[in-house]
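Asks: Take these sequences, add in the hints, and give me the full structure.
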Amino acid sequence: MSDQALLSIRDLVVEFPTRRGLLRPVDHVSFDIHRGEILGVVGESGAGKSMTGSAVVGLIDRPGRIAAGEVLLDGEPIHRLSEDAMRRVRGRKIGMVFQDPLTSLNPLLRIGDQLVETIRTHLSVGEAEARKRAIAALDEVGIPAAARRIDSYPHEFSGGMRQRVVIALALAAEPELVIADEPTTALDVSVQAQIIALLKRLCRERGAAVMLITHDMGVIAEATDRVAVLYAGRLAEIGPTPDVLSRPKHPYTVGLMKSTPSTLGEGGRLHQIPGSMPGLRAIPNGCAFHPRCTKRFERCDKERPDPIPVGAGQIACWLYDPAEGDRHAAARAELAGAGSDPAAIATAEAGEGAA
Amino acid sequence: MSDLMTEDLAQAAADDVLVSARGLGRVFDVSKPWLNRVIEREERVFLTAAEDVTFDIRRGKTFALVGESGSGKSTIARMIVGLLRPTSGAVTVDGVDLFRSGDIAGQTALRRRIQMIFQDPYASLNPRWRVGDIIAEPIRAFQLEQDAKAVRARVGELLEQVGLAAIDGIKYPHEFSGGQRQRICIARALASKPEFIVCDEPTSALDVSVQSQVLNLMRDLQRELNLTYLLISHDLSVVRYMADDIGVLYLGRLVETAPREQLYEAPRHPYTHMLLDAAPRLDAFGRTAESVVGEIPDPIDRPSGCHFHPRCPHANDRCKTEAPARLVLGPGRTAACHGVEEGRL
Ligand SMILES: Nc1ncnc2c1ncn2[C@@H]1O[C@H](COP(=O)(O)OP(=O)(O)OP(=O)(O)O)[C@@H](O)[C@H]1O
Ligand SMILES: Nc1ncnc2c1ncn2[C@@H]1O[C@H](COP(=O)(O)OP(=O)(O)OP(=O)(O)O)[C@@H](O)[C@H]1O
Ligand code: SF4
Ligand code: SF4
Ligand SMILES: [Mg+2]
Ligand SMILES: [Mg+2]
Numbered sequence: 001m002s003d004q005a006l007l008s009i010r011d012l013v014v015e016f017p018t019r020r021g022l023l024r025p026v027d028h029v030s031f032d033i034h035r036g037e038i039l040g041v042v043g044e045s046g047a048g049k050s051m052t053g054s055a056v057v058g059l060i061d062r063p064g065r066i067a068a069g070e071v072l073l074d075g076e077p078i079h080r081l082s083e084d085a086m087r088r089v090r091g092r093k094i095g096m097v098f099q100d101p102l103t104s105l106n107p108l109l110r111i112g113d114q115l116v117e118t119i120r121t122h123l124s125v126g127e128a129e130a131r132k133r134a135i136a137a138l139d140e141v142g143i144p145a146a147a148r149r150i151d152s153y154p155h156e157f158s159g160g161m162r163q164r165v166v167i168a169l170a171l172a173a174e175p176e177l178v179i180a181d182e183p184t185t186a187l188d189v190s191v192q193a194q195i196i197a198l199l200k201r202l203c204r205e206r207g208a209a210v211m212l213i214t215h216d217m218g219v220i221a222e223a224t225d226r227v228a229v230l231y232a233g234r235l236a237e238i239g240p241t242p243d244v245l246s247r248p249k250h251p252y253t254v255g256l257m258k259s260t261p262s263t264l265g266e267g268g269r270l271h272q273i274p275g276s277m278p279g280l281r282a283i284p285n286g287c288a289f290h291p292r293c294t295k296r297f298e299r300c301d302k303e304r305p306d307p308i309p310v311g312a313g314q315i316a317c318w319l320y321d322p323a324e325g326d327r328h329a330a331a332r333a334e335l336a337g338a339g340s341d342p343a344a345i346a347t348a349e350a351g352e353g354a355a
Numbered sequence: 001m002s003d004l005m006t007e008d009l010a011q012a013a014a015d016d017v018l019v020s021a022r023g024l025g026r027v028f029d030v031s032k033p034w035l036n037r038v039i040e041r042e043e044r045v046f047l048t049a050a051e052d053v054t055f056d057i058r059r060g061k062t063f064a065l066v067g068e069s070g071s072g073k074s075t076i077a078r079m080i081v082g083l084l085r086p087t088s089g090a091v092t093v094d095g096v097d098l099f100r101s102g103d104i105a106g107q108t109a110l111r112r113r114i115q116m117i118f119q120d121p122y123a124s125l126n127p128r129w130r131v132g133d134i135i136a137e138p139i140r141a142f143q144l145e146q147d148a149k150a151v152r153a154r155v156g157e158l159l160e161q162v163g164l165a166a167i168d169g170i171k172y173p174h175e176f177s178g179g180q181r182q183r184i185c186i187a188r189a190l191a192s193k194p195e196f197i198v199c200d201e202p203t204s205a206l207d208v209s210v211q212s213q214v215l216n217l218m219r220d221l222q223r224e225l226n227l228t229y230l231l232i233s234h235d236l237s238v239v240r241y242m243a244d245d246i247g248v249l250y251l252g253r254l255v256e257t258a259p260r261e262q263l264y265e266a267p268r269h270p271y272t273h274m275l276l277d278a279a280p281r282l283d284a285f286g287r288t289a290e291s292v293v294g295e296i297p298d299p300i301d302r303p304s305g306c307h308f309h310p311r312c313p314h315a316n317d318r319c320k321t322e323a324p325a326r327l328v329l330g331p332g333r334t335a336a337c338h339g340v341e342e343g344r345l
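Protein chains in written order, with this note's numbering: chain A, 1 to 355; chain B, 1 to 345.
If you're looking for bench data, these hints aren't it; they were derived computationally from the structure.
In this text, a Cβ means the ideal position worked out from N, Cα and C, and glycines have one as well.
It is possible that part of the hints are untrue.
The following label-pair restraints were derived from C-beta to C-beta distances [said to hold, decoys possible]:
{"hint": "1", "chain 1": "B", "residue 1": "153", "chain 2": "A", "residue 2": "286", "range": "29 to 39 angstroms"}
{"hint": "2", "chain 1": "B", "residue 1": "217", "chain 2": "A", "residue 2": "108", "range": "32 to 42 angstroms"}
{"hint": "3", "chain 1": "A", "residue 1": "10", "chain 2": "B", "residue 2": "27", "range": "47 to 57 angstroms"}
{"hint": "4", "chain 1": "B", "residue 1": "128", "chain 2": "A", "residue 2": "92", "range": "52 to 62 angstroms"}
{"hint": "5", "chain 1": "A", "residue 1": "156", "chain 2": "B", "residue 2": "59", "range": "31 to 41 angstroms"}
Replies: Here it is in structure tokens:
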């Protein structure tokens with residue numbers, strides 16, 4: 001793995017000017033993804049996960065725009081490329097799996113034709129070879145009898161099958177960076193495992209890098225090397241996956257882990273973090289999480305915490321500010337003890353040792 | 001067969017069943033275009049997405065359908081709400097046959113009482129309509145509120161019920177995140193005050209915290225309004241949380257139905273065993289679903305006999321040739337497996 005990250009996002013800000021003020025769905029977010037690495041991105045609905053992915057590939061709906069910061073691919077800034085230049089980067093260098101599988105498929109074209117077209121746009125291969133690759137791509141994402149079903153239309157496929165076609169389309173031109181937005185949401189565990197294995201293989205064998213946006217902690221645990229947690233457009237915590245999952249440090253991450261449905265018993269209610277994530281029009285001052293945080297103190301509603309290095313990762317929370325000294329030791333210990341069950345820690349640690 | 005059917009239906013009425021599927025089947029013609037077929041000398045090709053599916057949904061309860069991708073869940077859901085005509089079999093809702101010609105009045109009256117939340121939230125929202133109008137449409141169509149002001153108030157209430165703000169009604173669907181759009185679909189489904197809602201993967205696009213809000217909300221509404229749900233989900237922890245009764249599908253056939261506890265604690269069909277073993281659990285971080293063995297087979301060329309036999313550790317010669325019949329094992333409990341019938345499972 002070379003030192004230079006394949007994707008580097010620096011202080012990214014995405015803004016939407018509206019009649020009633022400026023909205024910031026992405027607010028000073030920074031992270032890197034290296035070759036051969038899968039970075040998971042998690043966070044509540046509306047946290048800015050998809051918007052971050054769209055910003056990287058230059059597909060933010062108007063009037064939204066990148067207002068500050070930069071996006072570097074292999075060290076080269078790509079956030080100011082013309083639409084034409086960006087279109088070439090997309091597909092060839094960056095493959096994008098959108099959250100909504102249907103919008104990426106043309107309902108009027110056969111699935112095979114869509115794949116062949118993508119392959120031939122980006123790679124110099126003939127029609128027959130492209131068709132062969134298209135069948136192989138469908139096979140790889142687990143479409144049974146791919147050769148026979150390649151001439152189907154999207155509506156003839158089930159929801160999960162369409163989702164897999166979209167993945168095949170994104171990977172068809174062998175991109176270096178794959179941004180996959182909820183790629184496995186409609187898939188059952190066996191197909192999901194197959195997709196995760198495919199993404200891991202891309203990283204291992206081709207040195208690709210993957211940004212995997214998902215709300216499924218099981219997928220995060222199985223697939224990713226590191227995880228970034230977003231809250232209200234800001235980075236709350238980022239670090240190696242086992243740390244973030246079983247020893248979360250940010251009060252928000254701790255709450256998020258506790259509401260994972262694998263902990264639910266039948267009949268009982270699911271744990272909910274009190275309150276809900278603020279809308280973009282009402283981001284609280286200081287730490288955006290403070291109205292919901294049980295650990296907040298005087299500083300939290302006045303000053304905004306930036307991510308600072310803690311252990312192998314980064315946390316944006318004043319509890320971990322060295323300037324605060326030891327006065328929050330008890331709060332930190334409580335966070336460290338909460339929400340993580342021993343079995344999960346044990347397996348995560350075993351995984352860490354093996355990695 | 002017809003004797004069994006009447007008996008069955010009598011039993012169904014006794015259990016206060018709202019929805020019954022009887023011998024439901026759907027075949028799709030997936031042949032290549034006629035000219036290609038002639039040139040390439042190919043036969044017509046058919047795909048059986050659902051075959052002889054029989055189950056009941058009790059009033060005020062949740063029936064969940066589970067099964068692998070492509071097993072026929074959405075196909076069955078679309079037939080149950082009357083959107084897709086079955087090739088064989090029947091669906092009755094509150095005694096009205098959804099597809100029998102001649103009962104147009106009954107079928108129309110049913111329309112308001114049945115709603116569906118689709119698997120593709122984006123595709124089902126009109127991008128040119130404001131969210132408030134999308135949600136108001138069924139309220140206006142069925143004249144559920146008196147005037148424009150009451151409609152607006154009701155829309156705001158629905159938006160808040162699903163965790164959005166009343167003011168969000170003035171925005172367009174593309175201004176929302178994936179999970180927010182899913183909640184808009186739920187609000188629209190609730191708008192016509194339905195009694196029966198088919199939810200096709202209602203929470204799969206939602207993050208855990210919103211998922212728990214939506215699931216808790218669906219349960220609260222069920223209790224308050226005595227709603228009946230058909231829930232489709234590949235997430236067995238969601239199903240366990242929500243369902244009263246569960247049906248397990250494999251390649252278009254219902255292989256087992258059972259009340260929730262019985263299914264999770266004492267599954268009978270070997271495929272149900274396999275599904276439950278593969279489900280991610282809290283203590284299973286870092287594990288992949290290795291316990292699911294074998295390829296997902298081709299629905300066009302389904303294996304003979306019991307479709308599951310190539311992956312089943314208990315398959316014998318009979319399993320390879322003879323399709324297992326549906327055995328009634330108890331109230332709401334059925335299994336289609338030779339091993340169970342022969343007493344070896
Ligand atoms: N075109 C737009 N105009 C205005 N606001 C938008 C637009 N698209 C998205 N937003 C807002 O930006 C915020 C971030 O949206 P984003 O789609 O990135 O969320 P997400 O984290 O991907 O959520 P989900 O898990 O629900 O997909 C949300 O509050 C959303 O309402
Ligand atoms: N209109 C159609 N024409 C041809 N084949 C179809 C059509 N609709 C569905 N099928 C096929 O029927 C099978 C079952 O599809 P269905 O959508 O019911 O699956 P599902 O269980 O909902 O799967 P998923 O979990 O992936 O959504 C699939 O093989 C699909 O390709
Ligand atoms: S900065 Fe303060 S309010 Fe924010 S998460 Fe940390 S303790 Fe809570
Ligand atoms: S019928 Fe035979 S092959 Fe099918 S599940 Fe039962 S034992 Fe296995
Ligand atoms: Mg999203
Ligand atoms: Mg489906």
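Asks: Give a verdict on every hint.
Replies: Hints versus structure:
Separated by about 35 angstroms at the C-beta atoms, residue 153 of chain B and residue 286 of chain A satisfy the suggested range of 29 to 39 angstroms. One distance hint, 32 to 42 angstroms for the beta-carbon pair residue 217 of chain B and residue 108 of chain A, holds here, with the actual separation near 37 angstroms. For the pair residue 10 of chain A and residue 27 of chain B, the beta carbons lie near 56 angstroms from each other, so the given range of 47 to 57 angstroms is met. Restraint check, residue 128 of chain B to residue 92 of chain A: a C-beta distance of roughly 33 angstroms breaks the suggested window 52 to 62 angstroms.
For residue 156 of chain A and residue 59 of chain B, the hinted distance range of 31 to 41 angstroms is satisfied, since their beta carbons lie about 35 angstroms from each other.
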